[in-house]
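These protein sequences, in sequence, are chains A and B. For the first sequence, position 184 matches number 189 in the working numbering, and the numbering has no gaps at all. For the second sequence, position 55 matches number 59 in the working numbering, and the numbering has no gaps at all.
It is worth saying that the hints were derived from the structure and are not from the lab. Even for Gly, the Cβ is constructed at its ideal location relative to N, Cα and C. Heads up, some of the hints might be wrong.
[Said to hold, decoys possible] Straight-line distance between alpha carbons at most 20 Å, and here's what the computed SDA-like set of lysine to any residue pairs gives: (1) K94/A to G16/B; (2) K94/A to H55/B; (3) K94/A to P181/A; (4) K94/A to H15/B; (5) K94/A to L54/B; (6) K94/A to R56/B.
[Stated by the list, open to error] Here are the computed distance ranges between Cβ atoms for each label pair: (7) A74/A to L118/B: 37 to 43 Å; (8) P68/B to R166/A: 36 to 42 Å; (9) R166/A to R56/B: 34 to 40 Å; (10) D121/A to R56/B: 49 to 55 Å; (11) A112/A to S27/B: 58 to 64 Å; (12) R56/B to D225/A: 41 to 47 Å; (13) A7/B to R85/A: 44 to 50 Å; (14) L118/B to V117/A: 33 to 39 Å.
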Amino acid sequence: MQQFINTALGGLTTGMVYAAFALALVLIWRSTRVVNFAQAPMAMVTTFVALAVIDAGFSYWIGFAVALAAGLVLGAIMERGVMRHVQGKGEINAVILTLGLFIVLHAAAAVVFGNDFRSFPAPFGVRGIEVGGRTVALTGFGIFTIIAVLVVMGLLVALFRFTDLGLRMRAAAFNPEVARLLGVRVPRMMTLGWALASLVGSLAGLLIAGGSLIHPSYMDSVVVLGFVAAVLGGLDSPLGAVVGGLLLGVTLAFVSGYLGSQLVALAALLILMIVLMVRPGGIFSTTAARRV
Amino acid sequence: MLAVDSLTVSHGPVTALREVSFSAARGAITAVLGANGAGKTTLLRTVSGLHRAGAGSITLDGRPIDRLPAESMVALGLAHVPEGRGVITELSVEENLRLGGLGRGRVRPGDLDLAYDLFGVLAERRNQLAGTLSGGERQMLVIGRALMARPEILLLDEPSLGLAPRVVAQIFALLRRLVVDQGLSVLLVEQNAISALSVADRGVVLHLGRVVADEEASRLAADDQLRHAYLGF
Ligand SMILES: Nc1ncnc2c1ncn2[C@@H]1O[C@H](COP(=O)(O)OP(=O)(O)OP(=O)(O)O)[C@@H](O)[C@H]1O
Ligand SMILES: [Mg+2]
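Looking at chain A on its own, in the form it has when it is part of the complex (with noise of 0.2 Å):
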């Protein structure tokens, strides 16, 4: 009982950072049909930006909010600076710019922030928590990823069904052309789409990171989970990335624990083929519109 409880937590822990990493994707698909492959790289970038301010002598916290704000700004960059110009000149070129990313972004992080193993801080603890004299597999560092993660998701969920802002974002990413007959500044909208994607995708980092060693492409093996868990919930649903990622890591948890870690992958896929078979748009897709 108690290893099927530790089990449970470890996932839940690690599903909510599968969960703000699968936003991230979803986040930037939404809005302009992209599958950014340098999502893992750019919170591998703004991590060691976290460890160098950490580094410097100031608090974990300031390291922390320094990292999230340079997300913010890399993803806006990038969505300025590069993607821009391959925007509505074949979707498929765009994706491949983001893989070109991928690797100029990891050949710069190793000379920049050099190729060795680095260990991050975490601010809390790292090792279980006791209850009623037991150690559960609940750390208080994992504590805080949850409650990080659902901060920044409520935000988010604020911000797309609460705001102004929010639902020009949403129409620019559902109807460009309908979006701007109403005003709304397209191009402004998806850099602030970046933006937030990237911030979300730094958080992802940096809990990843906590407590444990970063290098240039210690979240390369996130991706493909990440990937796996916006396709689970349908790429085009925040809420079903969220689902998507705890679904993945609690079920990775149990296979990891009881079957073997050497099966993780494999049952990764798995998951994806099986949901795909049954639910082809993903769990959480909505009913096509109907079309008049």
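Given the coordinates of chain A, assemble chain B with the ligands onto it according to the supplied hints.
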């Protein structure tokens, strides 16, 4: 006054408009008529900045607007209702309307009543996704949404498309009312020439991208030769 002068517009190798000139007066309905492919939609899209003219100019009260981006037109008082019912299907009816109002700044809670009073059915469906509306309801939604921005000039692209004659008559009667009561100006693109001329003040006939007639609506409707040649009735 919205004035178009010697406008020439191409889609790649296809020239859709050739030296088109006409003007749409304030407080009047100007109908632009013509067969499929005459260039009507191209004309509206060029006026609202979605498409760039190869040559010629477009002015609003003497001020050139042909270099402005489409997203700045609402602020100038120009609202374009696109062809084929441009509702944003993924947003609710209310969100579509709010978005229309945002074009002119903030939307206060009571503002939506403007559209709900005109089209009662929209109030009943306010929380439904716009994608679930029928064709006629969508047309009401896009017109209501355009009016939310309190435009001075309304550009309408085939509002009668696919609607029952009774609904078309209602919509045209509403346009007339807005013109008379509020001084709205309307540039109405239509294939349905009979209905359009019955409500319009002036009619411009396009044929293969050229203006072949520009007259008072009643005189156009009475011109047998022109009607047979270009309007098919
Ligand atoms: N995006 C485009 N690419 C190429 N050609 C186009 C494009 N849009 C319009 N055309 C061409 O320009 C001409 C005018 O088209 P337009 O859509 O303006 O006609 P219309 O009068 O609105 O017709 P309809 O009554 O069928 O809507 C047509 O010959 C059309 O094929
Ligand atoms: Mg047309």
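Violations among the numbered hints, reported as their numbers in ascending order: 13, 14
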